[in-house]
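Chemist: Sequence:
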Amino acid sequence: MSALPTDYWENLPLGRQVRLIKRDENGLAAMAKPAGVLSHPNTPGDQPRALLTCAYDRDRECFAWRTPDGAEARLWLLNRLDSATSGVILAAASEAVARSIKENFARRQVTKVYQALVFGAPRAQQEVWRDRLAVEKRGGTIRTGPAGNIPAEAHCSVLRRRPGSPPLTLVQLDPKTGRSHQLRVQCARRGLPIVGDQTYGDFRLNREFAKATGCKRLFLHSLATRFSYALAGRTFDFSATAPLPAEFVTALEA
Numbered sequence: 003m004s005a006l007p008t009d010y011w012e013n014l015p016l017g018r019q020v021r022l023i024k025r026d027e028n029g030l031a032a033m034a035k036p037a038g039v040l041s042h043p044n045t046p047g048d049q050p051r052a053l054l055t056c057a058y059d060r061d062r063e064c065f066a067w068r069t070p071d072g073a074e075a076r077l078w079l080l081n082r083l084d085s086a087t088s089g090v091i092l093a094a095a096s097e098a099v100a101r102s103i104k105e106n107f108a109r110r111q112v113t114k115v116y117q118a119l120v121f122g123a124p125r126a127q128q129e130v131w132r133d134r135l136a137v138e139k140r141g142g143t144i145r146t147g148p149a150g151n152i153p154a155e156a157h158c159s160v161l162r163r164r165p166g167s168p169p170l171t172l173v174q175l176d177p178k179t180g181r182s183h184q185l186r187v188q189c190a191r192r193g194l195p196i197v198g199d200q201t202y203g204d205f206r207l208n209r210e211f212a213k214a215t216g217c218k219r220l221f222l223h224s225l226a227t228r229f230s231y232a233l234a235g236r237t238f239d240f241s242a243t244a245p246l247p248a249e250f251v252t253a254l255e256a
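Residue numbers for the sequence shown follow the working numbering, so the first one is 3 and each next one is one higher.
Hints should not be assumed to be uniformly reliable.
What the hints assert, rightly or not - Ranges between beta-carbon positions, derived for each pair: (1) 254 with 126: 14 to 24 Å; (2) 234 with 7: 39 to 49 Å; (3) 46 with 126: 40 to 50 Å; (4) 254 with 44: 26 to 36 Å.
As the list claims (entries may be wrong) - Within a straight-line C-alpha distance of at most 25 Å, the following computed DMTMM-like cross-link-like pairs (lysine to aspartate or glutamate) qualify: (5) 104 with 155; (6) 139 with 48; (7) 139 with 61; (8) 104 with 138; (9) 104 with 84.
Rather than coming from a laboratory, the hints here were simulated on the basis of the structure. Don't be surprised by glycine CBs; every beta carbon is placed ideally from N, CA and C.
Take the sequences, apply the hints, and build the full model.
Modeler: In C-alpha cells, the structure reads:
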C-alpha cells in the first residue's frame, strides 16, 4: 500500500459534526456519524449533508476529493447507517483494506453493538429475537416487513428503565444478521417501537415524546464495532466506540 500524504486525515472533508474517532496503521478508520447525516450522497445535491462533503463513486463505493496541493484522494466506505441512525461507521484509505473488511462483513465476522431507546419494556432482562423478514426495495426506498423468508436474529439486553405510561427502556441490541432496518422492525414487532421511528414506530407516542422533549431524532445508535482482519499475511484487531449521545440520557432522566 502506498504511503498516505502526511496531512491526509487532517484534510478529510468531514460532514457536519462528523468526527474521526479512530484509525490504524493500515488506513482503516472509524467515524462517529450524527443522526441526520447520510452515509454517502445519493446525488451531488446531497453532498453537504453526507459523511464526507465531496463526490461519491457508487460503483467503487468510495469518496473522492482534491487535496490542497491538487492531488486526488479517496476514502472507501465499508458499511452504511440509515441517515436517522447515529454511531460508528467504517472507512478505509486503501482499496486493499476495504476489500479485506468487506469480506469480513460478508462472512458475518464483524461484531456490531447498538443501543436504542424504546417505548415499553421487554418481558425479560435478556432475550434472543429470531424472525423471518421481507425486504422490499423500490428505487431508493427500502421497506422491511415482519413476514418473509429472510432470517434475522438479534440479542436484546435491558440496560435501564424509566417508569411511566408508557415506560421508556434503554436496550442493547446485538444483531447476528445484518438485514435492512432489521432492528427497527424487530423492536416494533415485539411492541417495543424505537422512539422517533417515523417508519415502523408509534406515531402518536412519537408526537407526544417530541412535544415533551423537543427532540425528534430516531433513538437508535451504533455504539461499537469490533473485528479482526487479514492483510499482507498478518492479522490485525480493530475496535471502535462512539459514545451514546447525550439526548438518550436526558430522555431517561426527564
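Chemist: Next, verify each hint and record whether it holds.
Modeler: Now the hints, each set against the structure:
no. : hint                     : result
1   : 254 with 126: 14 to 24 Å : holds (20 Å)
2   : 234 with 7: 39 to 49 Å   : violated (21 Å)
3   : 46 with 126: 40 to 50 Å  : holds (48 Å)
4   : 254 with 44: 26 to 36 Å  : holds (34 Å)
5   : 104 with 155             : holds (20 Å)
6   : 139 with 48              : holds (20 Å)
7   : 139 with 61              : holds (18 Å)
8   : 104 with 138             : holds (23 Å)
9   : 104 with 84              : holds (18 Å)
The structure shown violates just one earlier hint, number 2.
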